[in-house]
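J.: Since the structure of chain V is already known, use the hints to place chains F and L on it.
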Amino acid sequence: MNPLELARARPGEAFTVLFDDRPVPALPGQTVAAALWAAGVTAWRSTRGAGRPRGVFCGIGVCFDCLVSVNGRPNRRACLVPVQPGDVIRTQEGTGRDDD
Amino acid sequence: MVGAACALYASRAGLDVRVVDRGPVAGGTTGAGEGNLLVSDKEPGPELGLALLSARLWSRLGDELGTAVEYEPKGGLVVASAPETLTALRAFAGGQRRAGVRADPVPADQLASLEPHLADGMAGGMHYPQDAQVMPALAAAHLLRASGAPVHTGWTVTGMLRTADGALAGVRTDRGELHAPAVVNAAGTWGGDLAALAGVRLPVLPRRGFVLVTEPLPRMVRHKVYAADYVADVASDSASLRTSPVVEGTAAGPVLIGASRERVGFDRSLSLAAVRALAAGAIGLFPFLERVRALRTYAGFRPYLPDHLPAIGPDPRAPGLFHACGHEGAGIGLATGTGQLIAQTLTGKTPELDLTPFRPERFDNDGSDTGDSGTDDSGTDDSDAADSDTGESDTDGGDTP
Amino acid sequence: MTERAHLAVVGAGPAGLAGALAAAERGVRVTLVDAAEQAGGQFYRQPARPLGARRPKALHHQWHTWERLRDGLERHVSSGRITHLTDHHVWSVQRAPGPSFAVHALLGPAQEEGVTVRADAVLLATGGYERVLPFPGWTLPGVVTAGGAQAMLKGGLVLPGRTVVVAGTGPLLLPVATGLAAAGARVAALVESAGPAALLRHAPALAAQPAKLAEGAWYAGRLARHKVRVLTGHTVLEAHGTDRLEAVSVAALRRDGRIRPGSAHRVPCDTLAVGHGMLAHTDLAGTLGCTLAGTEGTAVRADDEQRTDVPGVWAAGETTGIGGAALALAEGHIAGRSIAARLDGRAPDPRSWAAAARSRSRLRRFFTALDAAYGPPAGWAERLTGDTVVCRCEEVTAGTVRTAADALGAGDLRTVKLLTRAGMGWCQGRMCAPAVAGLTGCPLTADRRPFARPVPLGVLAGLPDA
Chain V
23 MNPLELARAR PGEAFTVLFD DRPVPALPGQ TVAAALWAAG VTAWRSTRGA
73 GRPRGVFCGI GVCFDCLVSV NGRPNRRACL VPVQPGDVIR TQEGTGRDDD
Chain F
5 MVGAACALYA SRAGLDVRVV DRGPVAGGTT GAGEGNLLVS DKEPGPELGL
55 ALLSARLWSR LGDELGTAVE YEPKGGLVVA SAPETLTALR AFAGGQRRAG
105 VRADPVPADQ LASLEPHLAD GMAGGMHYPQ DAQVMPALAA AHLLRASGAP
155 VHTGWTVTGM LRTADGALAG VRTDRGELHA PAVVNAAGTW GGDLAALAGV
205 RLPVLPRRGF VLVTEPLPRM VRHKVYAADY VADVASDSAS LRTSPVVEGT
255 AAGPVLIGAS RERVGFDRSL SLAAVRALAA GAIGLFPFLE RVRALRTYAG
305 FRPYLPDHLP AIGPDPRAPG LFHACGHEGA GIGLATGTGQ LIAQTLTGKT
355 PELDLTPFRP ERFDNDGSDT GDSGTDDSGT DDSDAADSDT GESDTDGGDT
405 P
Chain L
690 MTERAHLAVV GAGPAGLAGA LAAAERGVRV TLVDAAEQAG GQFYRQPARP
740 LGARRPKALH HQWHTWERLR DGLERHVSSG RITHLTDHHV WSVQRAPGPS
790 FAVHALLGPA QEEGVTVRAD AVLLATGGYE RVLPFPGWTL PGVVTAGGAQ
840 AMLKGGLVLP GRTVVVAGTG PLLLPVATGL AAAGARVAAL VESAGPAALL
890 RHAPALAAQP AKLAEGAWYA GRLARHKVRV LTGHTVLEAH GTDRLEAVSV
940 AALRRDGRIR PGSAHRVPCD TLAVGHGMLA HTDLAGTLGC TLAGTEGTAV
990 RADDEQRTDV PGVWAAGETT GIGGAALALA EGHIAGRSIA ARLDGRAPDP
1040 RSWAAAARSR SRLRRFFTAL DAAYGPPAGW AERLTGDTVV CRCEEVTAGT
1090 VRTAADALGA GDLRTVKLLT RAGMGWCQGR MCAPAVAGLT GCPLTADRRP
1140 FARPVPLGVL AGLPDA
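Protein chains in written order, with my numbering: chain V, 23 to 122; chain F, 5 to 405; chain L, 690 to 1155.
So that you can see chain V by itself, here it is in the shape it has in the complex (with noise of 0.2 Å):
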């Protein structure tokens, strides 16, 4: 059993996303989080202190720990948003801005 089938889920075509530069499968309407969950990823940030790796903590968009680069944008909460085709998803350092 696995919660596609529980749910007897129809999902649309899964697509590719790129994930710190290698692919990972999608399903249309999943959460950033909940890709990268699937394909077995956990973290995808890395703390401004101690450099310590973070993913989904709360899941609902309080924590803000899931926080991600999603093409180039730092700071998106990988558990609300939604992934698109084509997204290059990639691990973000500290405050995922650089200073120059």
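Calculated directly from the structure, the hints in this document are not laboratory data. Where hints are given, some of them may not hold.
The calculated SDA-like cross-link candidates involving lysine to any residue, where the alpha carbons are at most 25 Å apart (straight line), are [unchecked claim]:
id: 1; chain 1: L; residue 1: K916; chain 2: V; residue 2: D120
id: 2; chain 1: L; residue 1: K746; chain 2: L; residue 2: G905
id: 3; chain 1: L; residue 1: K746; chain 2: V; residue 2: R32
id: 4; chain 1: F; residue 1: K78; chain 2: F; residue 2: T89
id: 5; chain 1: L; residue 1: K746; chain 2: V; residue 2: A36
id: 6; chain 1: L; residue 1: K916; chain 2: V; residue 2: R70
id: 7; chain 1: L; residue 1: K746; chain 2: V; residue 2: R30
id: 8; chain 1: L; residue 1: K746; chain 2: V; residue 2: M23
id: 9; chain 1: L; residue 1: K916; chain 2: L; residue 2: R947
id: 10; chain 1: L; residue 1: K746; chain 2: V; residue 2: L26
id: 11; chain 1: F; residue 1: K78; chain 2: V; residue 2: G94
id: 12; chain 1: L; residue 1: K916; chain 2: V; residue 2: R44
id: 13; chain 1: L; residue 1: K916; chain 2: L; residue 2: D932
id: 14; chain 1: L; residue 1: K916; chain 2: V; residue 2: R30
id: 15; chain 1: F; residue 1: K78; chain 2: V; residue 2: D43
id: 16; chain 1: F; residue 1: K78; chain 2: V; residue 2: T117
id: 17; chain 1: F; residue 1: K78; chain 2: V; residue 2: G116
id: 18; chain 1: F; residue 1: K78; chain 2: F; residue 2: G125
id: 19; chain 1: F; residue 1: K353; chain 2: F; residue 2: R366
id: 20; chain 1: L; residue 1: K746; chain 2: V; residue 2: P50
id: 21; chain 1: F; residue 1: K78; chain 2: V; residue 2: L26
id: 22; chain 1: L; residue 1: K746; chain 2: V; residue 2: L28
id: 23; chain 1: F; residue 1: K78; chain 2: V; residue 2: R32
None of these values were measured; they are calculated from a predicted model.
T.: Using the frame of chain V, we list chains F and L on its own:
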């Protein structure tokens, strides 16, 4: 903050100090401040003299307390958007220079080397290397700790104790009495209330300011940067909302954006008009901020006196009472100098700055209070105890710029 | 001016939906403003439409109630009585003279543009979020909130991992464990810190809700069927792993909060779904000036009609105190009826909602008892090592927080925040406030958060005139 500085310098002068506060440490305007230690925004005069003294003392404390108070001698950059403003800024800086301020003109084409993300098209600016910053709540807490003075937070001063001849002999609080021959009123915006408990008038009033705090960023704003119009707003007597952008990065990451000024009493409710003006002004200086998010905003109440100068020194109307309040938006910056001057007067030394402009009784038009002269000495002869009373819940001169 | 009075409902969960429907049925023009793409809130969170779930019911309880709400919403949306604004993230509600209100929202999911909805009355149905108390290792990827695991399952049809430990305390753990197990996860253990004794102590109050007891029995059956090991009176001591979760240590709690010697053991897992009850979202209400109440001052105070003490502002559901979906429905319904009458210039007749009021009283009693039975795991604060990160955003450790309280004299949450930065980051203390309060002995008070979510400065600069 001012109370903490008074406690530190009084205690270093050999006095036995106790600190009383209605609320927590940094619970008043200090906790709502940005921690500006500025000389750049002050015109030549007594406040600038105090600012220069304070800047030297802060620098020493910075060496001593290091990163614990996040002291950063980062310098200020005042920018003028129009040629006329630049001319005025240059004239203003000329006067400051004669008073001992370092002010280096920055031509338009060199602004970017100081602030790479500054908006294009500015007419020019002025760099003030003596401007610095601390994290005000940490500064207050660490100065208090360094003073070694017992701190009674959550104690409310309810009245003054007096000797038979009417001089102050300490304070009465809701948790008991504290005996001391000298009481320092460092109650900030609430300093007028404390003065009233001693039977004297000190017309301290609140001037509300909002600060916007952004998401954490890398060092994209390197100095304290503000528009030249800011100085006019600081000096303004207007009760209505005035905002001029003041933008700075912090050691911790967020950019702080001030500074609105309005006289609305102690109303803490969110004014979207104020934060809208702050945001627009900040984006005008640093266009990249448009897409940066504000995580929070908060209001603070600057304690101002009608002539925009603080009250510092003994109160001849109430022997034993000393004032150290009413620093408006500069309380963090002016705290060290104020503390030093208070310690000097408490120990009978000649203060290193002339306190005449800061006389607490200067607002008594009819001179109806105490005729007793020679009270300047009271409390200074044998003050083995001084109450640095940071007074009611919210104290201190804060630095909402 | 013949325009009907206009109600803005913030939040499309059970409380907001019930309120919107009750008001709309009585002629009120309603704008339902919600952050999600589909109505339902957390409880009735629906799979994203493109996932084509033909049996979303399998993920939910009380599906009939949801169908009623959903159909009612559809009916009123097509008749034009309700405007449903999805993906609208409300960051502030401002009062203007009138009284009228301006509801400021960011358009999602990018949340880079703002929009303002004006209304004559507001129903705050902003729901709640999960409280998680820290323990060593709780910041490791793979450690998620119990509600978060459930939300990702319901909304994204995805599991956090293969082998899950569900832990913490409170009634939410049961549906999370059974839900994850039904969806194919191996639930290695359900670790509930409340012991059987605590649950028994409150048995009379709990037993007064036969439906809830039946629900409990149903969950017990599901857990047994999925062979989930249930450890009551146990707690997670630590989450282990370097860059992601590999195992948790679990131990039995004595009644005094100490660990029973020799009881600690390791449970390998790749996911820990953990929660210690819920907290109300009160930011919008706080900024409007509504009085906050509740045992910890962290819920919006509402009267029998669900009115707050700010004229024109009603509140219902978790935001007035945690009590679950059924209570939220009752409160929302009462609020909607009260609003319809009040906006029409009439005093409502409470007899018209007597049934909802009875169910409200009963459920509140029930949740008060639940609250007492499911306290935080005793001794959790003492077990925090000094290097355990407490504020996840600003990476402030338990040691730093303790120093602020002990050496710098901070005696309240705001001062601890000022001195340590705990609570100053992206989440503005929503995650760490209960932990900081517990660590320092400060009371948990609702922080002032004028921005209920981060707002781009460009949106602030472009705000319309009040």
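J.: Verify the proposed pairing of K746 (chain L) with P50 (chain V), using a straight-line Cα cut of 25 Å.
T.: Holds, at about 20 Å.
J.: For the pair we were handed, K353 (chain F) and R366 (chain F), check the Cα-Cα distance against 25 Å.
T.: With Cα atoms ~22 Å apart, K353 (chain F) and R366 (chain F) stay inside 25 Å; holds.
J.: Take a quick look at whether K916 (chain L) and R30 (chain V) sit within 25 Å of each other, Cα to Cα.
T.: Since the Cα atoms of K916 (chain L) and R30 (chain V) sit roughly 24 Å apart, the hinted pair holds (cutoff 25 Å).
J.: Hint check: K916 (chain L) vs R44 (chain V), CA-CA at most 25 Å. Holds or violated?
T.: violated (38 Å)
J.: Is it true that the CA of K78 (chain F) sits at most 25 Å from the CA of G94 (chain V)?
T.: Given that 25 Å is the threshold and the Cα spacing comes to 31 Å, the pair is violated.
J.: Mind checking the alpha carbons of K78 (chain F) and D43 (chain V) for me, to see if they're no more than 25 Å apart?
T.: violated (39 Å)
J.: Can you confirm whether the C-alpha distance between K78 (chain F) and G116 (chain V) stays at or below 25 Å?
T.: holds (23 Å)
J.: Does K746 (chain L) pair with A36 (chain V) here, judged by a C-alpha cut-off of 25 Å?
T.: Within the cut-off at roughly 24 Å; holds.
J.: Hey, K746 (chain L) versus R30 (chain V), does the alpha-carbon distance stay inside 25 Å?
T.: Holds. K746 (chain L) to R30 (chain V) sits at ~10 Å (cutoff 25 Å).
J.: Regarding the pair K78 (chain F) and T89 (chain F), is the alpha-carbon distance no greater than 25 Å?
T.: holds (24 Å)
J.: Regarding the pair K78 (chain F) and T117 (chain V), is the alpha-carbon distance no greater than 25 Å?
T.: This hinted pair holds, its Cα atoms lying about 21 Å apart.
J.: Would you check the hint for K78 (chain F) and L26 (chain V), treating anything up to 25 Å between C-alpha atoms as holding?
T.: Answer violated: K78 (chain F) to L26 (chain V) is near 56 Å, above 25 Å.
Of the hints listed earlier, those the structure fails to meet are numbers 1, 6, 9, 11, 12, 13, 15, 21 and 23, in rising order.
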